[in-house]
Amino acid sequence: MEAGAERPRKRPRAPTPLPTYGTLPAGCLLPLFAPTVLATLLAQHGRWRLALPLALAVAALVAGWLTLRARVRADLRALQAGGKRGVLVLSDSPVWGPHIAREWLPRLGRDFAVLDWSERAGWPDSPAARLWRRLSGPRHFNPVVILLQEGRAPLVYAFYPWFQAAKHGDDAGLRALEADLFAKLGG
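Our numbering applies: residue 950 is where the sequence shown begins, and numbers increase by one.
Bear in mind the hints are in silico, worked out from the structure with no lab data behind them. Some clues are possibly wrong.
As the list claims (entries may be wrong) - Label-pair restraints from in silico Cβ distances:
no., residue 1, residue 2, range
1, Arg1051, Gly1118, 53 to 59 Å
2, Leu1015, Ala992, 53 to 59 Å
3, Gln993, Ala1102, 35 to 41 Å
Unchecked claim - Derived pair list, reagent style EDC-like, types lysine to aspartate or glutamate, alpha-carbon separation capped at 20 Å:
no., residue 1, residue 2
4, Lys1133, Asp1074
5, Lys1116, Asp1041
6, Lys1133, Glu1052
7, Lys1116, Asp1074
8, Lys1033, Glu1099
9, Lys1116, Asp1060
10, Lys1033, Asp1129
11, Lys1116, Glu1127
12, Lys1116, Glu1052
13, Lys1116, Glu1099
14, Lys1033, Glu1127
15, Lys1033, Asp1060
16, Lys1133, Asp1060
Note that beta-carbon positions come from the ideal geometry of N, C-alpha and C, so glycine has one too.
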């Protein structure tokens, strides 16, 4: 290369379009390990005034996490008992709205609880809405498909970045993610 010439920029590679498991991360419990050990050591050395509040704080955090897990499981069971295979959250975006209406709703509509993000103010407090709130995350939450799996954690398909890439001419990720979803649905 000549001096002063700019190097061509490499386009960053997009991540592989795969669904994620819709679980409440147990990894958040890992930071509780150190305070638990500390509380145990303090208790062993007779420092109960320091150990007890620390142990109670750890117990409260673990109890909250377990309660949230129980609520997610209850919502999963309620959806499955109602004959639903998952949750579809969509909106009336011109980027993905027509595609979802044409390609997905005929295949998913009856078997999925469908929530329209554009009408979220009127959403009932339903198992589908609660499950979406707990599993979708703060980014790329629409459009999302949460696929329930018998005896396993649900799969969360976040389509937002792939619709954005398709809008700019790169639909490979969108097609791959859709193919994975429909293959898992059996068709």
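Results for each hint:
| no. | hint | verdict |
| --- | --- | --- |
| 1 | Arg1051 to Gly1118: 53 to 59 Å | 19 Å, violated |
| 2 | Leu1015 to Ala992: 53 to 59 Å | 23 Å, violated |
| 3 | Gln993 to Ala1102: 35 to 41 Å | 37 Å, holds |
| 4 | Lys1133 to Asp1074 | 28 Å, violated |
| 5 | Lys1116 to Asp1041 | 15 Å, holds |
| 6 | Lys1133 to Glu1052 | 16 Å, holds |
| 7 | Lys1116 to Asp1074 | 33 Å, violated |
| 8 | Lys1033 to Glu1099 | 11 Å, holds |
| 9 | Lys1116 to Asp1060 | 28 Å, violated |
| 10 | Lys1033 to Asp1129 | 19 Å, holds |
| 11 | Lys1116 to Glu1127 | 16 Å, holds |
| 12 | Lys1116 to Glu1052 | 16 Å, holds |
| 13 | Lys1116 to Glu1099 | 34 Å, violated |
| 14 | Lys1033 to Glu1127 | 19 Å, holds |
| 15 | Lys1033 to Asp1060 | 5 Å, holds |
| 16 | Lys1133 to Asp1060 | 14 Å, holds |
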